[in-house]
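Enquirer: Listed below are the residues making up each chain.
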Amino acid sequence: MSGNRVEVNQDLCKACRVCVETCPQHCLELGSAINALGYQAVRFDSVDCTACGMCFYVCPEPGALTVIKGEDA
Amino acid sequence: MRKVLIKGNDAIVRGALLGGATHFFGYPITPASEIAQGAANLFTRSGRTFLQAESETSAINMIYGAASTGARVMTASSGPGVALMLEGLSYLAGAELPSVIVDVQRAGPGLGNIWPEQSDYNMCCKGGGHGSFHNIVLAPSSGQEMTDFAYRAFDIADAYRMTVIILTDAYVGQMMEPVGFPSAVRHGARKSWAVYGDESSRQNLISSIVMNQTGMAELNIMLQEKYARAARDLTDWDEIETEDAEFLLIAFGITSRVASTAVSHLRENGLKVGLLRPKTLFPFPSERIAELAGQVNLMAVAELNNGMMAQDVELAVRGGCDVRKYNWYGGMVPSADELASRVREDFNG
Amino acid sequence: MVKHAKPKGFYDTFERKSSQGGPESETTHYCPGCGHGTVHKLIAEALEDFGIKDRTVFLSPVGCSVFAYYYFDTGNIQCSHGRAPAVGTGVIRSLDDAVVISYQGDGDLAGIGTAEIVHAANRGENMAVFFVNNAIYGMTGGQLAPTTLLGQETTTTPLGRLADREGGPIHMSEMLDALDGPAFIERTSLSNAAGVMKTRKAVRKALTNQVERRGFSFVEILSPCPVGWKLTPIQSRIWIKDNMETIFQVKRFRDREEGSRGTGRMPLMGDEELKELLGSDHGEEARKGENLETECRVKIAGFGGQGVMSAGVLLANTAIGEGLEATWLPSYGPEMRGGTANASVVISDEPVGSPVVNRPTTLLAMNGPSLDSLEDSVITGGLIVVNSSLINRKVRRDDVKVVYAPVSDMAAEAGFLKGANVVMLSLYLLEKGVPGIQTLKTVIPKSIKKKELVEVNLKLVKAAEEFHAS
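Protein chains in written order, with my numbering: chain A, 1 to 73; chain B, 1 to 349; chain C, 1 to 470.
Derived by calculation from the structure, the hints in this document are not laboratory data. The hints are all genuine.
Part of the chain B face toward chain C, derived, beta carbon under 10 Å:
| no. | residue |
| --- | --- |
| 1 | G88 |
| 2 | Y171 |
| 3 | S183 |
| 4 | Q203 |
Just so you know, these numbers come straight off a predicted model, no measurement behind them. C-beta atoms are modelled at their ideal positions from N, C-alpha and C, and glycine is treated no differently.
Based on the sequences and whatever the hints tell you, model everything.
Expert: Have a look at this one:
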């Protein structure tokens, strides 16, 4: 367990899926819940995240994704 | 005061520098090029900024940029060039940026010619661009006023956050007269709204876009109130022999010079003719003209266009007095004799 | 540990977008999958990392990114369509230490603002330009852009862009690379994560260049417009790779790593120095002069080069030297009346009304065409001085006073043909008495710029005096 993770602000995601396609470890997927903007926000569900930040950089929304590096990594 | 014989166009540059101008962005056009040339020399030598832009469109946007930083900034052009600046004038008005623009009028429409007309009156005095806005318009008629108005223009522009247009013409620009200079150099103060590229101005936004209708309406209402305040505070004019006048001539710029000579000839012949010369065209001395409408029998507006200022006079008198239009085009400036004989005809007719 | 989070180059909340709170005040106004948000994030990150938020002046264009000022926690200026590089020129010419960012789309930069970007680049202005090229007009609803690809369907090229009709896509990086001015030009692409990271590098390079005053830095970014292209965000990234990158080559065109750009300004003068430069305290002390019987309206006319303009200036200065009022008005520009140039001088003991001289009291005719065209305009009882060196005929009128003087020959005899105008002017003053010839002698040393010519001019005044006395 690396503890690396991506926090997705469910309210701010517009579900463009670019992060989903970009993540080399396939850590992100579209969720099923519809957020206040009307989108099915992405959710993070993985233990394989390397905290590489690719999802963060390709994401067009300033505050939708936050990448956390695990303490034990 | 010591006086120097200089051209009106040179007097403008000197007055502007003494008035605190720091930036000049321009594009050459006859008969205003001497102002750009003078600025290129004197702004540069004095450590101010002169830059020749690639077009009038760019020049006015350089002005927009420098004005956004709180600079005292100016340009000079003539009708065809000022027409290209109208887009910028609208943005300056919407963003409430102060600037000073000199229009040395030439004959139009189109390329026209380089001789004097006053046919940019509507373009300059009625806003001239997109939206309900105005510029403050000063109308010098002598070399001394070229310096004095340029000197004052930056204070006015800053105080009202408006564009001040000095609306002159090819003759007043080319004419040499003895001019005395103000003794104190003025400087602009730091502006709370400007963008200085520092921490305390970082929150500032220069913009003319307001997406919601009520916000846009509020901006417009505020602008109209500002124009009304300018009308109260700035309206200025000169009168010659109006106390007992039965006939009132109204003229500005070079035409007012001709008219003043005509009035003195007519007075020598016993005709009670007076002259009102607006020194500000926006705001316009409507109230005084309305007053005089109750005194004189007839008014005549002499101008080098198709009666543009005459429309403002007609609005001012509201039918209270007959208004004749004396118009010349193409650079034909009337002689005092010609103007006097027109007055004589109407006076006696 | 937070490794990547919303950069501090952005406002915490986007109050200018919505003060209502909620997601609206924390998200951008851009469509899902739009490239603008990605580019914004890369810039905002660099602003934070370089610590330049306070110094930065961000220029928003017209187009989808018109509201960039909602987001960037910097000084902000919203510009008219295409003019941001001119606005930035004004900003950087006023704020020496500012970091100026011009953020523009393809309609703004490559269409309506072509002149502004080319000339700002050519001047090498200290600014970073981020050019977001998505080959379409987004804000106005998917119309043809200058960078639209051949065959690409837009709302104004419903059958596809046709070279014979609209021409081909414009290559701005290549165009600007033809100029000497820019320090840095690179084209990048947002087609995939690697492209985004290359774009990040280019953005940081362009901004570093501003901190180090390297000059004009241009980053063209191929960017997706899923809605305008009618593709999904994922499809639109593939479309960039397959279609745009084959037309717009992704590469670094220029990276001038050395040198820095100065302000081009001379040292700022203080008030006293400025007044000295302007000669504010020079000139004649105003005083009340002699009374004139009548206003003098003088026309000095001749060939261009005969010094009629400068003779007029000397006359006006002589009048002012005696406390009189004077105006000088040139005929100028392409001369239309028979090859003559003329200056009108009005001298009065009261403020001068009209400076226009249609009916001169005096005509100083330096050549034949001047006499021909202006003889009849002189008032009855007026004066005509004829340069008999060049004018063979007599004045036809008998209601004016006429003086014939070979002023060109007199000047040539003194070895200074160009001084014929001063002989002519001297004769006028001697004829009229006011203003006087003695004043002219004091004006000449002050008015003539070439000091070596003062003596010969004074000699010409003397020659005129002798002629007049005889």
